[in-house]
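Undergrad: Here are the chains, one letter per residue:
There are 4 protein chains.
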Amino acid sequence: MKNTEKSTINLSSDYLQGAHPDVMKRLAETNLLKTAGYTLDEFSQSAREKIRKECNAPEADVFFLTGGTQTNAVFIGAYLKPYQGVIAADSAHISLHEAGAIEFGGHKVLTVPSENGKIKAEDIRDYIDGYYSDKNHEHMVMPGMVYISQPTECGTLYSLDELEKISELCRKNNIALYADGARLAYALACDKNDVSLADLARLCDAFYIGGTKCGTLFGEALVIPVHNLIPHLFTMTKQYGALLAKGRIAGVQFDTLFTDGLYYRLGRTAIDAADKIRAALKEKGYKTLYDSPTNQIFVLFENSRLEEISRNAELGFWEKADQDHTVMRLAASWATTEEEVKDFISVI
Amino acid sequence: MKNTEKSTINLSSDYLQGAHPDVMKRLAETNLLKTAGYTLDEFSQSAREKIRKECNAPEADVFFLTGGTQTNAVFIGAYLKPYQGVIAADSAHISLHEAGAIEFGGHKVLTVPSENGKIKAEDIRDYIDGYYSDKNHEHMVMPGMVYISQPTECGTLYSLDELEKISELCRKNNIALYADGARLAYALACDKNDVSLADLARLCDAFYIGGTKCGTLFGEALVIPVHNLIPHLFTMTKQYGALLAKGRIAGVQFDTLFTDGLYYRLGRTAIDAADKIRAALKEKGYKTLYDSPTNQIFVLFENSRLEEISRNAELGFWEKADQDHTVMRLAASWATTEEEVKDFISVI
Amino acid sequence: MKNTEKSTINLSSDYLQGAHPDVMKRLAETNLLKTAGYTLDEFSQSAREKIRKECNAPEADVFFLTGGTQTNAVFIGAYLKPYQGVIAADSAHISLHEAGAIEFGGHKVLTVPSENGKIKAEDIRDYIDGYYSDKNHEHMVMPGMVYISQPTECGTLYSLDELEKISELCRKNNIALYADGARLAYALACDKNDVSLADLARLCDAFYIGGTKCGTLFGEALVIPVHNLIPHLFTMTKQYGALLAKGRIAGVQFDTLFTDGLYYRLGRTAIDAADKIRAALKEKGYKTLYDSPTNQIFVLFENSRLEEISRNAELGFWEKADQDHTVMRLAASWATTEEEVKDFISVI
Amino acid sequence: MKNTEKSTINLSSDYLQGAHPDVMKRLAETNLLKTAGYTLDEFSQSAREKIRKECNAPEADVFFLTGGTQTNAVFIGAYLKPYQGVIAADSAHISLHEAGAIEFGGHKVLTVPSENGKIKAEDIRDYIDGYYSDKNHEHMVMPGMVYISQPTECGTLYSLDELEKISELCRKNNIALYADGARLAYALACDKNDVSLADLARLCDAFYIGGTKCGTLFGEALVIPVHNLIPHLFTMTKQYGALLAKGRIAGVQFDTLFTDGLYYRLGRTAIDAADKIRAALKEKGYKTLYDSPTNQIFVLFENSRLEEISRNAELGFWEKADQDHTVMRLAASWATTEEEVKDFISVI
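Each protein sequence line maps, in turn, to chains A, C, S and G.
Using numbering that gives the first Met the number 0, the letters of the first sequence map in sequence onto residues 0 to 347.
Using numbering that gives the first Met the number 0, the letters of the second sequence map in sequence onto residues 0 to 347.
Using numbering that gives the first Met the number 0, the letters of the third sequence map in sequence onto residues 0 to 347.
Using numbering that gives the first Met the number 0, the letters of the fourth sequence map in sequence onto residues 0 to 347.
If we strip away everything but chain A, and leave its shape as in the complex, we get (with noise of 0.2 Å):
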C-alpha cells in the first residue's frame, strides 16, 4: 500500500482522505458503547439537537444518510409528486453526474441557465410562468421544487439576497427550495459569505450539511426544518436502501463536526489554504475561472506548464480550454496542510 501515501502534491480533490482527527478520536473512544440502531441512538440524538440549535430551527427533523447522489435523491424522490419535476442549473451535479439518479427515481430534471453554477430568481420565475401559461401544462411536467447548491460546482456562493429572492418566488408558487451542501463547511468559512446555516433553515424547505467532503469519513445531515413535512420519510430511505444500520456511526461523527464549532474550524482552514495559493496564482500571472471564494480554485494552464507542474503536484482535470490550455480544478480540504500549500506554490 506505500504508493498510496504519496510524497508528491496531491490538490485534485477534496475527499482523498479519511475524516479530520477529531472525528476519528470519537469514533474510537465509542466504539466499544452499545446503542440502538438505525439514527434512534443516543449520538445521533445529540448531533441533531446540536444541528437544530445551530440552524435555529429547533423542530427540525434531521436525516443522516450516506452520500451527497443519495441524499439527493432520496429528499427530491421522497419530497416530489409523481407528476412533478425539480428545477435546477443546467450544469448541476444532479443534471449532469448523479448517473440519473433523479429520473431513475421516476422525476425530470427541468434546466434553467445558470452562469458560474448559479441560477437566478428570473429565470426560475421564467420557467414556471412559462409552464403555468402553456395552455399545454397538464400534459407537462409541474415544476415542485428548486436545487441549487451551496456552494456550487463552481465554487462559487448564493448571497443571502440571492437566496433570499429565490426562496421568496419558491414560496410565491408552493415550490420546495432544496440546498445541497456537499460541500457546506468551505462556504460557512468564507469571509465572503454572509449566509448561515440558520439562513438556510430560515429559507430552504431541506438542505443537506456535507460531511464526506467536510471531515467526516462519510454521511451527510439531511435538514428538514419543518417537521413531518414528509410523514413516513424514515421508511422512504429504508425503500432506498439508505438507512443505516449502526446509524451511531455517523451520529458519532456529526456529533462531533457540531462540537466546539468544528465544522466551521476545519471549512477556515481550506479556505485559508486556498486563498494563499490563489495569492501565490495572482501573483505568478495565472488565470482562474468563476471568480470562487470557496476551497476550489479553477486554473487555466498553459499545456506545456501543466505537463511540467504535473510531475510535481497531482490536480484535477477541469475541461480543455482550447488546443493549447487546459482548465484543472485545485481543491484544498481541512486536511491541506500549510507545508502543502508552500510545497505547491513553489512548483508553480
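Don't read these hints as lab results, they were simulated from the structure.
Keep in mind that the hints are not guaranteed to be accurate.
With a cut-off of at most 27 Å between alpha-carbon atoms, the simulated BS3-like pairs for lysine-lysine come out as follows [unchecked claim]:
hint	chain 1	residue 1	chain 2	residue 2
1	G	319	A	134
2	G	319	A	171
3	S	286	S	119
Every beta carbon over 12 Å from chain C, so not counted as near; a handful from chain G, in silico [what the hints assert, rightly or not]:
hint	residue
4	32
5	90
6	121
7	161
8	172
9	193
10	304
11	309
12	324
13	342
Just so you know, even glycine gets a beta-carbon here, dropped at the ideal spot from N, CA and C.
Following the hints, put chains C, S and G in place on chain A, whose structure we already have.
TA: Then chains C, S and G, alone, in the frame of chain A:
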C-alpha cells in the same frame, strides 16, 4: 452520553457496537493517506484480491456497498429484467423487513413456503414448473432469481448438499442464485457448517459478505464470481445512491477483515459465546426454537421469568408465543465478551 | 378471415367479440363529429354525468381508461404513497395475472388468504393489526389500500353486508378501498346481488365500471366519488401512457352504456344465458365450483367427456383437478345468444 | 350533443374526428366475430403481415398499442438499460409534452439542439463524443438511443440522406434509432418525402406507424424490424398497462389501413388539403414558419386579423410571436373536406 454504556447485559442484536478493534486501528493508521475515490483506491483493490482468493474466484467482481437492504436492492434490481421477479422464503428479509425496497425497484418478490427460514429445492422447482406450465404465464411475473440467506433470519444454515440442489435447479432453469450473507461470518465459523466461501462462489451467481453485523462500522462486499455479469453495475450503484465517494473506507475495513483470517476468527468468537449460552439454557431447561447453530438463539420464556431476566439483560423481542410465553432473540457477536456470557448465564 | 367466425360454440371468454350493437351504432353516428381531445369532449362529459347520477355521486371524478390492468396500475400507483402497499386476495388478478404491474409501479401487493376469490374483513383486520403491532413496522410496507373485485375472479359476489364491514374497517384505519369492476355489469344484473353502483360509490374510495368485458370495444370508467381525491391525476394518466388522445371514443361508448339502462340490460343477457347453462349442467349431474351466480361458470369435467365436448364447443381451461378431471371456465357475455346456449346444452 | 357538430371550420388539430369510414365499416362488419384476445387474433396477424410486407421487413415484430405517449414509453423503457438515456431534440414531444413519461419510467431524456424540430447527425455525434471523452462518464447517463419524429412536431421531414447519416452514426456507436410516426401517413404522402416505410425499417431499430392521428379510433403499430430484439416485450406491454384485451380492435383497424393502400390515400387527402391552404395563405401574403410540407401549417397572424378569422374558424394556438402577432397551427387530416378548405380560404 453516559447512559449508552449500559452496565447491564445486552444481547438484543449483533450491531450494537462499532468495528472490530483491528478494523478501527487500520482505519486510524490509514486515515490521512490520500487515495482515489469511488472504491478505485489501492485498499479496495487489495481487499478485492483477498476476497477473490478466499472465494477461489479469480475473476470475480467485488463491489463494496453500505448495508444489506441496499446490497439486496442493487443486485436484485440490476440483475433482473423488468418482467422478472425474485423467489424468496415467505419469511425472507426482502419479503418482510426491507420496507418493500425490491418492489420499490420494480420487482415482485415471489414467495415460497419456508421452514426455519429455509426454502427447499423442491418448492422452488414447483414454483418454476407452475409458472411455465401455466398457459397464461406471459401475463405473470417470470421467476428470474432465487434469494436465500446464509445463515437465515432464524439462524439456521443451508448444508452444502441443500445448496448444491438449489444451485443445480437454478442453473437448469437459467435462474440466478443469490445469497444474502449479512451474518456470513457466523455461518462460516460454525462447526456444523460445511459451506465455504469458495462453495458460495461456485454455486451462486452472487452473494454478499456481511460487514455491518460482522466487524465493520458499515459495509457489505458483493461478490459476483463471473466478471461483468452485469455490465455497467458501477454506474447503476451510483443511480441507487450506493456508490461511496470515499470508497476506501469500505476497502480498508474489508482488507483488514480478510487479513490473517480475521473474518473467521471474529465469527468464531460469536459462535463460542452463543454455544456457551445455548449449553447453559439447555441445562436450565429452557426451550429454544429453530435449532440455530449460529450466533442467534431464539428462546421461549415464560413471561414472568422474562420480566425478571429483563431487569438485568436486554434481549430482542421476537414474537408472542401465547398468552404466557414469549420468544426472545439473543444475538452474540464478534464483540461479545466471556464476562458478558458469564453474567448472562448467572441471571437466567 | 373466414375461420374466425367459427360455427362451433365458443364460451371460453367474455371478450371474444366487439362492442354491443347499440355502442357500435353510436360510434358510427358520431364518427365524423369534431370534438376536443383527451376526454374533454361533450360525449365524455355526458357519460360522466350519467355515471355520477347512477352512482348517486354528484361530485365524483370519472376517468376513462383503456383496460383493467392499466386502470388498476394507474389508480393504485397514483393513490398510494411510496411506502405503502395494497392488500389483496392471494388469488387476486393484481397478485397473479397482471405481470407484476403494481410492483413495476413500485408497490408491494400484500396478500391475505381468500376463499372463492373473496377476502374477509377479519383477515384484512388481522393483517393491519399485525402490521401496526409489529415493533419493526417502520421497516415494513404499510398497508394503504384494500383491493377487491366485484365480481371476483371466481365469479362470486361480495354481499352488501360484507362490503360494508370491509369499508368500515378501511375507514377506521384510514386505508382506501378499491373495487375492480372488470365484469361489474354481470354482478349488477344478478338476482343474488344486493350491491348497487351507489353502494360502491358510498363504500369505496374508487372503483371501475368495466367496459371491455361488458359491451365496449375497450375502456373502463374509473369512478372516484370524492372530487380531487388525487390531485393532478389527469397528468398522471398521461405519465402512465393511459390518456386517450381521442377520449371521445371512450366517452361515446360509456354514454351509450348508461343510456336507457343498457349496462344493466346487457348484463342481464349474460346472466340469463349463464343461468340456463347452470341449470342444464345441474340437471345433467355436472359439478360446478365456487357457487358463482354471475356470468362465469366453473365446471368439473371428466377428461374423456371434456374431450368429446371440446369437439363442438370451445371452453376456457381453468385448472387440472386431478389425473382424470379438469376444471373448465364457461363465460357468457352480453353477446351470448339463446341459440348458442341451446347448442351448448345439446352437446353436454 | 348538437353543439359538437360545429358548422364553423375547425382546423385546430388532426384528431378531432373518429376513424376513416372504411375503418369504421370494417369494425362494424367484424363486430360479432369471435377471436382470441391480446392481439393474438387473425386480424392482428393479418395486419402484421401486411405491415411487414409494406416495410420489407419479413421478420419484424409488430405490436399494436393505444397511443403515442404509451408507445414511446413502452419502447424506450423496455429497450434501454437502466443506466441509459435517450437523445432527443430539445423540442421533442418526449422532452416537453408527455408529462415526463420517459423519466417516470426511469430514463433521462438527453437533449440536443434542434432546428425546425429536427436534429442533426453532427449534434448527436458531438453529444456521444462528449459523453465518451468525459473522464467521469461512468457517473453520467449513457446515451443508448436516439429519438426522432417523422414528421416532426413542426411538420418538417427528415430526408433519406439525413436519416441515413443518423442511422449510420447510431449503428457505429451501438445506439438504437427510434422514430415516432404519430403522423407518419402525412409524411409518406408528401411529394417532398423520400423516406419510405421500408427505409424506416432498414434504418431504424424501431418506429411506430401512427393510427390515432391517421385514420383509426386509436392505436399505433410499433414496428421492430429485428425479431425478438426485446425479449418478452409482450409481458412488458402488460406491465405498462398497454396490452389490449380485445387486441383485434387494433388489428382490424390496421389491417384496413394497409389494405388497398388506404394509409397512403388518406395521407394524400390531408396533404392535398394542406397544400391548397398553403397556396392560398401565400397568395394572400401570410407568413408561414418552419417550411412544413406535411399536414400541419404554422401561420403568423396579426392579432386583430386572427380575432376576425377566429369567429369563423377554429385554429390551434402555437405561440405568441410578439405583442401584436401570434403563431397558430392549422392541421389538415384524412377527414378534411374540399368544402372545409374552400370555406377556410374564403375567410382568410
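Undergrad: Which of the numbered hints are not met once you compare them with the structure shown?
TA: none
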